[in-house]
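A.B. asks: Residues per chain, in single letters:
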Amino acid sequence: GESVGLHLPTLSVQEGDNSIINCAYSNSASDYFIWYKQESGKGPQFIIDIRSNMDKRQGQRVTVLLNKTVKHLSLQIAATQPGDSAVYFCAENGLGGGADGLTFGKGTHLIIQP
Amino acid sequence: NAGVTQTPKFQVLKTGQSMTLQCAQDMNHEYMSWYRQDPGMGLRLIHYSVGAGITDQGEVPNGYNVSRSTTEDFPLRLLSAAPSQTSVYFCASRLLAGIPPSTDTQYFGPGTRLTVL
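From first to last, the protein sequence lines are chains Y and V.
The opening residue of the first sequence carries number 1 in the numbering used here; numbering runs sequentially from there.
The opening residue of the second sequence carries number 115 in the numbering used here; numbering runs sequentially from there.
I should point out that these hints are in silico values taken from the structure, not numbers from a laboratory.
Virtual Cβ for every residue (Gly too), placed ideally from N, Cα, C.
Treat the hints loosely; a few may be bogus.
As a list, the in silico DMTMM-like pairs of lysine to aspartate or glutamate whose alpha-carbon atoms are at most 20 Å apart [unchecked claim]:
#1 K123(V) - E39(Y)
#2 K106(Y) - D84(Y)
#3 K42(Y) - D170(V)
#4 K106(Y) - E173(V)
#5 K42(Y) - D140(V)
#6 K71(Y) - D55(Y)
#7 K106(Y) - D152(V)
Between beta-carbon pairs, the in silico distance windows are [stated by the list, open to error]:
#8 L231(V) - D55(Y): 48 to 54 Å
#9 E39(Y) - N115(V): 19 to 25 Å
#10 K128(V) - G59(Y): 41 to 47 Å
#11 T129(V) - K68(Y): 42 to 48 Å
#12 Q113(Y) - N115(V): 35 to 41 Å
#13 K56(Y) - Q131(V): 49 to 55 Å
Every beta carbon over 10 Å from chain V, so not counted as near; a handful from chain Y, in silico [what the hints assert, rightly or not]:
#14 T10
#15 S26
#16 S52
#17 A79
Take the sequences, apply the hints, and build the full model.
C.D. replies: What follows is the structure, encoded as C-alpha cells:
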C-alpha cells in the first residue's frame, strides 16, 4: 500500500561529517516532497522541499535528492553540528488528508557524536 | 509574532473526561490543522480548516471535534477521552496558496502532550 518511510530509525555521525538520511515512498503520483526537522519537545520545522520536476535542490548546508525511478528521497546535511541532532522525517503529497494531502514518514533520529 | 501557540503543554485526563486543546496563530493564516504524533508513526491528520467557519475531517477524526469561529483560533475538543488518545498533538497553520502546497510557510506549534489514564 501507499506509505512513506525511512530506512533507518537511528543514524549516528561524527560532528563535522556529512549525514545522509533516506526516505522511500510508494505513491508514484506524489509530486511534492518535504523534509522536516523535529527537536526534542518541539514541533516539526520545515527544512527544504522539492517538486517532482527536479532531481536536486540545495539549501544552506542541506541538499535534497529525488530519484523518481526508485521512489527514493534523501536529505544530505553537510558538516553536521551538534544542533543538527533531531528527528528528521519526510512528507509527500500522496494520498494523505487535508488540503495538502500530505503523508508523513516515521522519522530518523540523527545523533551527532562529539 | 508569536507564531502558533498551543495550550496546555501537558495534560493528564481520566478515561471519559472531556477537554479542549487550544491553538492560536497570529499570522493571519487561512489553513489550520491538527495532527497527532505517536511513537513509531508519522504525523496523522485529525481535522483541518481552510478558513473561518469551514472544517473537515482528516485521517483519524474519530473522538475529536473542531470548530473555527475566527481565523486565529482552532480548538480541538476531546469529547470522552480514551487511553488510545494518549499522544502528542500538534497544531499547524499556513497560508492557503493558490497552487498547493506552499508548505514552506507551514508552521507547527510546540505540541501538547496528552496522557489518558
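A.B. asks: Hints first: check each against the structure and report whether it holds.
C.D. replies: Verification of the hints:
1. K123(V) - E39(Y): 16 Å, holds
2. K106(Y) - D84(Y): 18 Å, holds
3. K42(Y) - D170(V): 26 Å, violated
4. K106(Y) - E173(V): Distance ~16 Å between K106(Y) and E173(V) Cα, so the pair holds.
5. K42(Y) - D140(V): 19 Å, holds
6. K71(Y) - D55(Y): 12 Å, holds
7. K106(Y) - D152(V): Holds, because 9 Å separates the two Cα atoms, which is no more than 20 Å.
8. L231(V) - D55(Y): 48 to 54 Å: With Cβ atoms ~50 Å apart, the hint holds.
9. E39(Y) - N115(V): 19 to 25 Å: For E39(Y) and N115(V) the Cβ distance comes to about 20 Å; the hint holds.
10. K128(V) - G59(Y): 41 to 47 Å: Given range 41 to 47 Å: holds, Cβ gap about 46 Å.
11. T129(V) - K68(Y): 42 to 48 Å: 46 Å, holds
12. Q113(Y) - N115(V): 35 to 41 Å: At roughly 36 Å between Cβ atoms, N115(V) and Q113(Y) fall inside 35 to 41 Å, so the hint holds.
13. K56(Y) - Q131(V): 49 to 55 Å: 50 Å, holds
14. T10: 13 Å, holds
15. S26: 13 Å, holds
16. S52: 13 Å, holds
17. A79: 23 Å, holds
When the structure is compared with the earlier hints, a violation turns up for hint 3 alone.
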